[in-house]
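Enquirer: Given next are the chains, with one letter for each unit.
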Amino acid sequence: MQDLFQRVLEKAQSLGASYADVRLVDRQKQPIIIKNGKIDSISSTESKGVGIRVMVNGAWGFSACAEITEKDLFATVEKAIATAKASARVQAKPIDLKPIEGIKDNYKTKREKDPFEMDLEEQVGFLKSLDDQLRTNIDVKNSFTRLHAIKQHKLFMSTEGHEIEQDLLETGIGIAATAIGNGDVQRRQYQDSVTGGFEFLEETYSFSENRNLHEIASDLSDEASALLRADTCPILEGNLILGGEQLALQIHESCGHPIELDRVLGYEASFAGTSFLTPEKQSNFMYGSEEVNIFIDATLPRGLGSFGYDDEGVKAQRTQIVKEGLFMDYLTSRETASMIGQESNGTCLAEGFSNLPMVRMTNVNLEHGDWTLEEIIKDTDHGIFMEAPKSWSLDDKRLNFHFGSELAYEIVDGERIRMLKNPAYTDMTPHFWGGCDAIANEDEWHVWGLPSCAKGEPVQLAHVGHGAAPARFKDIKMGVGH
Amino acid sequence: MLGKEKCSEVLKKVIEYSTAEKIEAKLVGENFNLTRFANSTIHQNMNRVLSELQVRVVIGKRIGVATTNNFDDESIRKVVDKAMLLAKVAEENHDFETFPEANEYQETKNFYKETAEYSADQRAVDIARITEHADKYGFSVFGAHITTQDEIAIMNSEGVDAYDLSTYAYLRTVVEGPQGTGYADMLDRNVANINADAIGREAVERCQMAQNPQPLETGEYEVVFLPYAVADIIRFPAYIGFGGQPFEEGRSYMAKKMGQQIMGDNISIWDDPFDVNTLNNPFDVEGVPKKKVDIIESGVATGVVYDYSTATKYKKEATGHSVYRRGGNYEAPANLVMACGDSSVEEMIRNTKKGLLVTRFHYTHCPEPGEVVMTGTTRDGLFYIENGEIKHSVMNMRLTDSVLRMLSNVDMISKERKLQRDWWSTFTSFLPAIHVTNVKWTGSTSF
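Chains as they are written, first to last, in our numbering: chain A, 679 to 1160; chain B, 1439 to 1885.
Only chain A is shown next, with the shape it has when bound in the complex (with noise of 0.2 Å):
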């Protein structure tokens, strides 16, 4: 494979590309979904195929295929090539892409048990474990269980010598039970993923009061279940208290995306939107109280945004995005990080071999701090605790959004004195990071792994974590009606 992509990327060279990279994707997944108890469905995708990317004059150009032939590939350079030159027509001024020393090397994700070399029934056996625990409340009339594997094999090669072998494995759980009566449907799901083996399910989770996904799946049914007869979360504005799942979205859409800096730099203006973290802010704008600091961090064990290189071949690394509430830096690829007078912290990734690389999250992720959970609840006079997301939406700067969550808690003189249904907060984002002055402490803190991050054109989707534990934010308006 290695010697015929040489010749490949010799061929782009030949016809004018100062630049061109080869990446190789094949792809497994085989989800397996449980609903009431029965398998609803047991499925396999594979995917194989080849990307390549080319500069001529100074601007890009892109074409995939799936037939791996040197007539095939020569075909889709050729491709690549015109659509390039086109590029070039409509072009102020031409990319500057800087040249990188080439690294060969190869990457594999740890793992102990591989669902892939697993027993199906096995696994089966396991969901169905979980889906009954889901049903264990009367009202639960729906259960859902979906397991998420996927196992990748990439090859990457350019024109600078790169020649990078990576083998990546994910493994995911969702799990959703949901309860109708008393006039109403109430949904309570949980869902993680992780770059690592079938092993992570079976474990018991320290971030979770030491639960296992079986007690997770039987607390679901009964909150569920509970929600059907709560009151409506009131209006009101106040002291708010986010679960770390609840707020590991909040980071993800008001940080994680706002910190892209293709997205800041226009690149997504007509569809996912702009940024507010315009470049005159970098190390000059806080964006959060001194509490708040954000790195991302490729690196991180079993962080679903984990992995050796990016499809650039730059080297996974960690970079500090929020110190003590400064903003200091983005997420950058070579072509974006070169125009703020930077170097990519390799984070430019592609899904499958049919998409361009664009500027996407690895594991962003909010410090801990050194709180519990319990003792910000017990410091709260008055307030709601919100954990699990049911909507969320962002202007397309990010500076205005609007959570829902599935489940609330009235504190009150630091104790949770009732359960809330259909709660939400808005705000704007430098206000609620600024109003951020509790985190809880490392045993409450988990890199959430969140399978499905949608951005650009066709929309790709991202595999990201986010490291975070329960905090509270003062100042928030909640309920719907805000």
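Some clues are possibly wrong.
[Claimed, not checked] Capping the alpha-carbon separation at 30 Å, the derived lysine-lysine pairs in DSS-like fashion look like this:
# : chain 1 : residue 1 : chain 2 : residue 2
1 : A       : Lys707    : B       : Lys1516
2 : B       : Lys1574   : A       : Lys763
3 : B       : Lys1442   : A       : Lys726
4 : A       : Lys1099   : B       : Lys1442
5 : B       : Lys1574   : A       : Lys716
Since the hints were derived computationally from the structure, they do not count as laboratory data.
Use these hints to put chain B onto chain A, whose structure you have.
Expert: For chain B alone, kept in the frame of chain A given last:
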């Protein structure tokens, strides 16, 4: 993309290699071409030619599904074997009876050679046309231009043998000035109907109007929604309630309100796969002929759409609304049409005393599905109207309101309609502009 003959050859091999009692094989392919631009520069330009083969086998009542994108003999045998293996592990699905039978399909023209042959150079010329309009005012342009061919071929053991090749083109742009943005788009099966010049003019004109936005207090206002925005208003009732499965399982608002007046009597919505104003198609991904379905008639909930499996399970008629997904298909409306009225955007503005003109929405969501509450912020042109005149641009605001309530308070609907995607492209619908007498605005931005 493989073409009709090659598709047939691959699918016949699948049927031949299978020893299952029943089998369905489908090929979904595309020749997708996209040019994206930002800051008046093309920054992404791509072509991809893809096909996927999905095989569904049935052994007894056990079903297995496997997908591949490789079509050599070995890969075809492997994907059939994989589906068979998975079926053996699966449990019996007592709701499954059979695959759809062979059917006649109504002809509908959805392929245009002009679109299929449109080149990256031609897309670049269109984009350059938009930038010319923007350059006159020192504005920058952003957007995407798609010209694509889609192919689907289906065979099953019950006699279905269907093939369809279609095209579409989509050009959209955001034009950015120093203090505001404007927007325009066009979508059509035939690229010859995509007028880059008109798109550029409209977006630049809206961008000019959008400069110097003023803040506006949150509260309730009457609102004129352009079709761009109506697409996001329709999105949630459709996503949550227009499918047969949530209706039959009692999970959707339609399940509670079928036969009831849920919107104003001037609102009618249907799904018409043969309306050439939509992205028309003769059959769904199971090979079931598509049927027109009345969903809202004069404000009354009257119907939902079904794929074959849901229809079979609940003894309903399949309406041809199965949509392709790799792990397994799902049902959804695909050709929504909203009835027109006799008004115009100009008349709506003239009849607005104190209100807003909304171009479009960004990142809408549904925090309360039971009441179909939508929330989302405006973008690319929000304007304040007073006594029948647009007074000034407004800083973007957040709408949080029940769609059922809003569509019960529509007093004017435009005669002119437009083929429109919502912001996320969940649905593609043929929609008018509307005037709503009372809409709740719950937040505002600073731009």
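Enquirer: Take the C-alpha atoms of B/Lys1574 and A/Lys716, compute the straight-line distance between them, and say whether it is at most 30 Å.
Expert: 63 Å, violated
Enquirer: Assess, step by step, whether the Cα of A/Lys1099 is no farther than 30 Å from the Cα of B/Lys1442, and give holds or violated.
Expert: 53 Å, violated
Enquirer: Are B/Lys1574 and A/Lys763 close enough, with their CA atoms no more than 30 Å apart?
Expert: This hinted pair holds, its Cα atoms lying about 26 Å apart.
Enquirer: Would the pair B/Lys1442 and A/Lys726 pass a check requiring their Cα atoms to be no farther apart than 30 Å?
Expert: 23 Å, holds
Enquirer: Holds or violated: A/Lys707 and B/Lys1516, Cα atoms, limit 30 Å.
Expert: 15 Å, holds
Taken one by one, the earlier hints fail for this structure at numbers 4, 5, listed in ascending order.
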